[in-house]
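Chemist: Spelled out from the first residue to the last, the chains are:
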Amino acid sequence: MVVYKFKTPISEDQIRKLKVNDVLYVTGTIVTARDQAHRRALEYFKEGKQLPLNLEGLAVFHCGPVVAKTGDKWIAVAAGPTTSTRMDIFEDEFIKDFKVRVVIGKGGMGKKTTDAMAKYGAVYGAFTGGAAVLAARAIKNVKSVEWYDLGMPEAMWVFEVEEFGPLVVAIDSHGNNLFTDVQKSVEESKQKIYQKLGITS
Amino acid sequence: MEVSKIVENVAFNILKQAVIYLPDDVKQALKKAYTEETSETGKTQLKAILDNIELAEKYQAPVCQDTGTIIFYVKAGSGVKDLDKVEAAVISAVKRATKEVPLRPNAVDPFTGKNSGDNTGRSIPVLNWEIVPGNSLELTVMTKGGGSENVCLGGMVVPGEGIKGLKKFVVDAVVKAGAQPCPPNILGIAMGGGADVSMKLAKKALLKPLTEHNPDPEIAKLEKEILEATNMTGIGPMGLGGKTTVLGVHIDYAHRHPASFPVAVAFNCWASRRSTARISVDGTVEYLTHKLLW
Chain A
482 MVVYKFKTPI SEDQIRKLKV NDVLYVTGTI VTARDQAHRR ALEYFKEGKQ
532 LPLNLEGLAV FHCGPVVAKT GDKWIAVAAG PTTSTRMDIF EDEFIKDFKV
582 RVVIGKGGMG KKTTDAMAKY GAVYGAFTGG AAVLAARAIK NVKSVEWYDL
632 GMPEAMWVFE VEEFGPLVVA IDSHGNNLFT DVQKSVEESK QKIYQKLGIT
682 S
Chain B
5 MEVSKIVENV AFNILKQAVI YLPDDVKQAL KKAYTEETSE TGKTQLKAIL
55 DNIELAEKYQ APVCQDTGTI IFYVKAGSGV KDLDKVEAAV ISAVKRATKE
105 VPLRPNAVDP FTGKNSGDNT GRSIPVLNWE IVPGNSLELT VMTKGGGSEN
155 VCLGGMVVPG EGIKGLKKFV VDAVVKAGAQ PCPPNILGIA MGGGADVSMK
205 LAKKALLKPL TEHNPDPEIA KLEKEILEAT NMTGIGPMGL GGKTTVLGVH
255 IDYAHRHPAS FPVAVAFNCW ASRRSTARIS VDGTVEYLTH KLLW
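Residue numbers (this note's numbering), protein chains in the order written: chain A, 482 to 682; chain B, 5 to 298.
Derived from the structure by calculation, the hints contain no laboratory data. Possibly wrong hints are sitting among the right ones.
Unchecked claim - Think about it this way: if two alpha-carbon atoms lie no more than 27 Å apart in a straight line, the pair counts; the simulated BS3-like pairs of lysine-lysine are:
id: 1; chain 1: A; residue 1: Lys677; chain 2: B; residue 2: Lys225
id: 2; chain 1: A; residue 1: Lys486; chain 2: B; residue 2: Lys47
id: 3; chain 1: A; residue 1: Lys673; chain 2: B; residue 2: Lys180
id: 4; chain 1: B; residue 1: Lys247; chain 2: A; residue 2: Lys500
id: 5; chain 1: B; residue 1: Lys62; chain 2: A; residue 2: Lys671
id: 6; chain 1: B; residue 1: Lys47; chain 2: A; residue 2: Lys665
id: 7; chain 1: B; residue 1: Lys62; chain 2: A; residue 2: Lys673
id: 8; chain 1: B; residue 1: Lys103; chain 2: A; residue 2: Lys550
id: 9; chain 1: B; residue 1: Lys247; chain 2: A; residue 2: Lys677
id: 10; chain 1: B; residue 1: Lys85; chain 2: A; residue 2: Lys671
id: 11; chain 1: B; residue 1: Lys51; chain 2: B; residue 2: Lys36
id: 12; chain 1: B; residue 1: Lys212; chain 2: A; residue 2: Lys498
id: 13; chain 1: B; residue 1: Lys62; chain 2: A; residue 2: Lys624
Said to hold, decoys possible - Covered by chain A, per the in silico footprint, the following chain B stretches (three or more residues, Cβ under 8 Å):
id: 14; segment: 6-12
id: 15; segment: 97-110
A virtual CB, placed ideally from N, CA and C, is assigned to each residue, including glycine.
Could you build all of it, start to finish, from the sequences and the hints given here?
Modeler: Okay, structure coming up:
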């Protein structure tokens, strides 16, 4: 396990250094996107429309934050990750089209995303589910909110962060997927557990 | 003393307590898990969880951004007047908490997809009523996150398989859930009653402190057995591998139809949010699970 601290924009070379189980902290710009923002971003790309900001080298964060407004200033109150598997249907294209280097979420992602990360040079950083205040404290500034018509959780929040993490590299850019590995060994443990409980499967 | 004012105030307070301050038994269990976890990655997750709990308390911010679906359990003494005003008072408390704590608006119309914006809507917040003898009103709140709710599972096992069928059902549910419910989890398990009753009991069992076990020694033994078995899966904190998958197991039951063996597993994430207060007929309030810090 190696600890890395990267500043955005992150290059492909930097990303290729990371291996599963490494720990990453990101400083710079991260952008939230859940189901709706992913869908809209891909539609924009197809239609040749510009996104509100260039995502190249940035981190995309699967997160529907609690954000409070004081005066005309937004403050991130709680901003932990949401379950990433819902974004599996979009993420390979998202990585290809926008060249994001880090995808942050919880619960892991599937083969299509893993393949795209290997092909285009990106990693999946698992942020501890529910650790919403830890995340919010690393958000130093809410730079902007885009697509607020999608609602608070689904909007695209642009955060300026300092040492955002720890992110466990759970999918690296070499085809390794920690979640799939764990799942496999969990499946294998089932027979042993059945035996202990006296269950004949 | 005006009932609706007191209830509104107490409902607001327990809701705010629940989303910011985890109960002591949960904190203790997480600390113990951190000491005992052998997976390096698992340990990083438990460390982040413990740091986050401290920060939430320090900044009085919700421990998780998913402040959940809001569920109340009302134990109403038969001598308490104006019980018909409780629901409206609770709804008003939820709206206020959504603005002031703040909470994430989590009530969406399933047909239109529209978020009500204030955590209220058709049957939301959920109110579960129980009438008991006495002159006090006990109000408990649970806020239930979406990640752990999405893997709750109800089903029917063959009566001939009985408890063995239940055990297999639970192990399979935990394996299938994997990383999704933000492990380490707490499991509420119930059998009997019917498809609806078993799930209601399973969810309600999540309110029991982790230090408490079923008073029936045979059921307590089963709780321990399932706890040990599910921790053999290796799912670990956040599904990244390790020996801490489940922090505690609570089992409840109802009698069943001879031909049916309903079973239900309710998952809770590590952020097990609950708080209880009792309002006496003279208007005095006792906070039973948390200290009132404001």
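Chemist: Which numbered hints turn out to be false for this structure?
Modeler: Of the numbered hints, 5, 7, 10, 12, 14 do not hold.
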